[in-house]
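All chains should be built: construct the whole structure from the sequences, respecting the hints.
For the sequence shown, numbering that gives the first Met the number 0 begins at 0 and goes up steadily by one.
Hints may be right or wrong, so weigh each one.
Stated by the list, open to error - Distance ranges between label pairs, derived from CB positions:
#1 S32 to Q10: 38 to 46 Å
#2 K107 to Q15: 13 to 21 Å
#3 K107 to E27: 31 to 39 Å
#4 I97 to M0: 19 to 27 Å
#5 S32 to E110: 26 to 34 Å
#6 D86 to S53: 16 to 24 Å
#7 A30 to G98: 18 to 26 Å
#8 L118 to Q15: 20 to 28 Å
#9 S31 to Q11: 23 to 31 Å
Bear in mind the hints are in silico, worked out from the structure with no lab data behind them.
What you are looking at is a predicted structure, and each value in this text was computed from that prediction instead of being measured.
All residues carry an ideal CB built from backbone N, CA and C; glycine is no exception.
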Amino acid sequence: MAIAEGTCQVQQLVRQAALADVLGASGETNASSDVVQHMDKASSDIFVDTLARSGHVAAIGCEEIEDPVIFEGDVGGGYIVLMDPLDGSSNIDVAVSIGSIFGIWQKKPGETVNDNSLL
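Structure, rendered in structure tokens:
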């Protein structure tokens, strides 16, 4: 449900991108050495927030975030999510297709999640 909620929020942001002043490059580069678009950052923030609030996610790995987001203790859930929150974001300005990509794995029972859990 968290991914669906985040998708609705990102879709709304993309539709209003020009009005929300989130088009274009931010001047930063991500872990893959790609230029980060403003929409990349906004989409990443949206999905991290919705996944965190779900209580079902133990860790999130994202192209736009250098270090994994790990939820410990009672906050963490049973799944590890890897994502590209807005694939093709460099194409937004020219109206070419974009989308979101997710990989979802169930955490091993009793596993303590760390950076290696996302490899």
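Hints versus structure:
Evaluation of the 38 to 46 Å hint for S32 and Q10 yields a failure: the beta carbon distance comes to about 28 Å. Checked against the given bound of 13 to 21 Å, the beta carbons of K107 and Q15, roughly 41 Å apart, lie outside it. For the pair K107 and E27, the beta carbons lie near 34 Å from each other, so the given range of 31 to 39 Å is met. For I97 and M0, the hinted distance range of 19 to 27 Å is satisfied, since their beta carbons lie about 22 Å from each other.
For S32 paired with E110, a C-beta distance near 31 Å keeps the hint of 26 to 34 Å intact. Separated by about 22 Å at the C-beta atoms, D86 and S53 satisfy the suggested range of 16 to 24 Å. Range check, A30 to G98: about 20 Å between beta-carbon atoms, so the 18 to 26 Å window is met. Roughly 37 Å separates the CB atoms of L118 and Q15, a value that falls outside the hinted 20 to 28 Å.
The hinted range of 23 to 31 Å is satisfied by S31 and Q11, whose Cβ atoms lie roughly 26 Å apart.
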